[in-house]
Amino acid sequence: MFMLSTTTKQEASLTQDTISIGGHGQAKEIIGRFLRNKAAVFGLAIVVFLLFCAIFPQALTQYDPIEQDLRNRFAAPSSEHYFGTDEYGRDIFARVIYGCRTSMEIGLISVAVSCIIGVIIGAVAGFYGGITDNLFMRFIDILMAIPNTLLGISIVAALGNSIPNLIIALSIGSIAGYARVVRVSVLSTKGMEYVEAAYATGASDARIIFKYILPNCLAPIIVQATMSVATTIMTATGLSFLGLGVPAPTPEWGAMASSSRAYIRDYWWLVTFPGIAIMITAFSFNLFGDGLRDALDPKLKS
Amino acid sequence: MATLVEVKDLKKYFKTPRGLLHAVDNINFKIEKGQTLGVVGESGCGKSTLGRTVIHLHERTSGQIFFDGKDVSDLNKQQLKEFRSHVQMIFQDPFSSLNPRMSVSQLIAEPLLIYKTTKSSAELSKEVARLMDTVGLARRFANSYPHELDGGRRQRIGIARALSLNPEFIVCDEPVSALDVSIQAQILNLMQDLQDELGLTYMFITHNMSVVKHISNNIMIMYLGNMVEFADAQEIFKNRLHPYTKALLAAVPIPAIIEGRKRQLLTGEITSPINPKPGCRFASRCPYATAPCHEVDPTLAEVMPGHFVACHNVKEINQL
Numbered sequence: 001m002f003m004l005s006t007t008t009k010q011e012a013s014l015t016q017d018t019i020s021i022g023g024h025g026q027a028k029e030i031i032g033r034f035l036r037n038k039a040a041v042f043g044l045a046i047v048v049f050l051l052f053c054a055i056f057p058q059a060l061t062q063y064d065p066i067e068q069d070l071r072n073r074f075a076a077p078s079s080e081h082y083f084g085t086d087e088y089g090r091d092i093f094a095r096v097i098y099g100c101r102t103s104m105e106i107g108l109i110s111v112a113v114s115c116i117i118g119v120i121i122g123a124v125a126g127f128y129g130g131i132t133d134n135l136f137m138r139f140i141d142i143l144m145a146i147p148n149t150l151l152g153i154s155i156v157a158a159l160g161n162s163i164p165n166l167i168i169a170l171s172i173g174s175i176a177g178y179a180r181v182v183r184v185s186v187l188s189t190k191g192m193e194y195v196e197a198a199y200a201t202g203a204s205d206a207r208i209i210f211k212y213i214l215p216n217c218l219a220p221i222i223v224q225a226t227m228s229v230a231t232t233i234m235t236a237t238g239l240s241f242l243g244l245g246v247p248a249p250t251p252e253w254g255a256m257a258s259s260s261r262a263y264i265r266d267y268w269w270l271v272t273f274p275g276i277a278i279m280i281t282a283f284s285f286n287l288f289g290d291g292l293r294d295a296l297d298p299k300l301k302s
Numbered sequence: 303m304a305t306l307v308e309v310k311d312l313k314k315y316f317k318t319p320r321g322l323l324h325a326v327d328n329i330n331f332k333i334e335k336g337q338t339l340g341v342v343g344e345s346g347c348g349k350s351t352l353g354r355t356v357i358h359l360h361e362r363t364s365g366q367i368f369f370d371g372k373d374v375s376d377l378n379k380q381q382l383k384e385f386r387s388h389v390q391m392i393f394q395d396p397f398s399s400l401n402p403r404m405s406v407s408q409l410i411a412e413p414l415l416i417y418k419t420t421k422s423s424a425e426l427s428k429e430v431a432r433l434m435d436t437v438g439l440a441r442r443f444a445n446s447y448p449h450e451l452d453g454g455r456r457q458r459i460g461i462a463r464a465l466s467l468n469p470e471f472i473v474c475d476e477p478v479s480a481l482d483v484s485i486q487a488q489i490l491n492l493m494q495d496l497q498d499e500l501g502l503t504y505m506f507i508t509h510n511m512s513v514v515k516h517i518s519n520n521i522m523i524m525y526l527g528n529m530v531e532f533a534d535a536q537e538i539f540k541n542r543l544h545p546y547t548k549a550l551l552a553a554v555p556i557p558a559i560i561e562g563r564k565r566q567l568l569t570g571e572i573t574s575p576i577n578p579k580p581g582c583r584f585a586s587r588c589p590y591a592t593a594p595c596h597e598v599d600p601t602l603a604e605v606m607p608g609h610f611v612a613c614h615n616v617k618e619i620n621q622l
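Chains A and B, in that order, are what the protein sequence lines are. My numbering puts the first residue of the first sequence at 1, with every later residue one more than the last. My numbering puts the first residue of the second sequence at 303, with every later residue one more than the last.
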């Protein structure tokens with residue numbers, strides 16, 4: 001031991017007097033680990049493409065998504081209309097591309113809002129326990145007792161039919177999922193010895209929650225968030241179907257799929273392309289989320 | 303020499319569905335500045351709970367704790383934070399006691415950041431580097447994560463964290479039991495060197511008799527929350543008076559081919575620490591138990607100078 005300590009001391013004195021505080025290029029390493037995961041990169045590529053569609057739809061199509069062309073109804077997919085046209089002669093390719101903007105907006109914003117609120121509620125409930133836990137979780141139980149769609153219907157009906165109101169309705173509906181997932185992982189992380197060690201050094205509650213507990217609960221939060229981007233888009237779809245989601249001419253995948261359900265036997269392209277768009281979005285977000293979870297976990301380093 | 307830590311009638315009971323679990327019952331001890339108290343007992347005897355209660359990681363049920371002459375039994379948030387800068391803990395498992403999301407340098411810097419003891423980031427990194435040198439951690443590990451290091455190096459991180467605020471008293475909760483034997487010796491030597499250099503006071507919790515003999519000045523033997531024997535380290539190994547201590551020491555393996563001693567095996571059920579009945583808690587397993595052992599709590603008595611034993615029959619058993 002004595003020998004050992006002298007050699008390490010010598011070794012140390014060879015280097016400079018100070019060291020850098022921090023991990024070894026954490027961001028770089030996380031990106032590196034992410035890039036090694038091919039499925040995740042594929043997911044990310046699609047997500048980036050979808051974002052591009054949402055931001056610059058005019059770059060991909062010259063058609064106007066809401067302009068009707070009644071002489072050209074139900075045109076089959078062709079080199080002119082890649083995905084064909086719908087019952088009003090609107091170009092489906094253009095509507096799918098522009099619909100990306102609506103769906104992404106709804107999906108991402110409501111996931112962000114419900115994630116932040118849900119994580120805070122779950123973390124506080126799990127960390128403090130007792131009465132606080134009971135109060136918060138009974139409130140969450142009330143939220144969970146109301147079916148998501150029903151809750152959405154009542155909120156949109158009360159506030160009026162618009163995209164911001166739809167986002168509010170969807171966010172409130174999915175808070176409960178986050179709160180429960182976070183609470184459970186906070187409960188299990190709270191018992192870890194390193195949290196006790198943080199208490200022993202005198203760390204404050206906020207520091208313990210944000211530096212010790214939440215970073216170690218990241219995996220289920222990320223999974224829940226990426227999964228619910230897909231579910232949220234689906235719920236929005238359902239509400240649009242009921243006439244409570246996105247107002248009529250605005251292109252939205254769910255609304256497109258549901259409004260063309262009457263023509264499904266004769267004109268398959270009306271439902272298929274918005275459906276594939278929804279599927280690809282859900283799939284790519286899930287791949288991306290899985291890869292992100294693995295990349296953020298330092299223990300999985302190879 | 304001045305007394306640094308003193309504990310009077312300390313009790314810690316846990317509420318369980320079946321009743322009160324007497325984890326720590328009526329413990330009294332003093333630790334002099336710069337000395338080491340070894341706390342020994344089998345698993346579940348309350349030794350870790352005792353250590354955690356002394357430094358307020360568990361709130362005590364009753365009793366008093368004195369630190370550096372001041373009563374620290376009841377502390378408000380501010381006082382508790384101040385108290386914790388003087389008193390630190392080294393944990394048993396260096397695998398689970400380090401936040402896996404922090405690098406070595408971040409882990410060591412954490413206590414310094416909490417107490418804002420350094421003014422600039424340059425000063426902070428200098429201090430972290432100094433601590434790493436003190437505990438013999440090569441600086442090239444500064445940006446590594448704990449899971450990349452072996453047990454011995456991880457435990458050095460734990461020690462560096464404990465030392466970072468210049469504490470006077472450190473509770474060591476089985477700091478070497480998770481390490482393999484060659485590393486155990488390194489860590490124990492490091493802890494002793496640090497004690498000599500910095501004048502630290504240790505409360506050393508372990509179930510390993512050879513380790514405790516190596517490092518302690520005084521030894522306290524615990525059994526189911528009670529203190530059964532307390533004496534100087536050399537004295538305990540020479541004159542074990544309590545029947546439980548005898549059994550405990552007889553269980554220490556000796557590397558000898560010729561079996562020179564009689565094996566003493568304990569039989570009988572361990573008494574439940576939940577709502578224990580009056581009487582000696584060791585009575586059900588004690589080969590010398592008599593009727594009063596099952597009815598009256600034994601009290602800790604000074605049988606020989608500086609040697610305390612809690613046993614009704616200590617005189618008869620040892621022919622004193």
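Any given hint could be a false lead.
[Said to hold, decoys possible] Which residues of chain B face chain A? A partial, calculated answer using Cβ under 7 Å:
1) 388
2) 393
3) 411
4) 414
5) 431
Because the hints were derived from the structure by calculation, they are not lab data. Each residue gets a CB set at the ideal place from its N, CA and C atoms; glycine is no exception.
Worksheet item: Which earlier hints can't be squared with this structure?
Response: 1, 4
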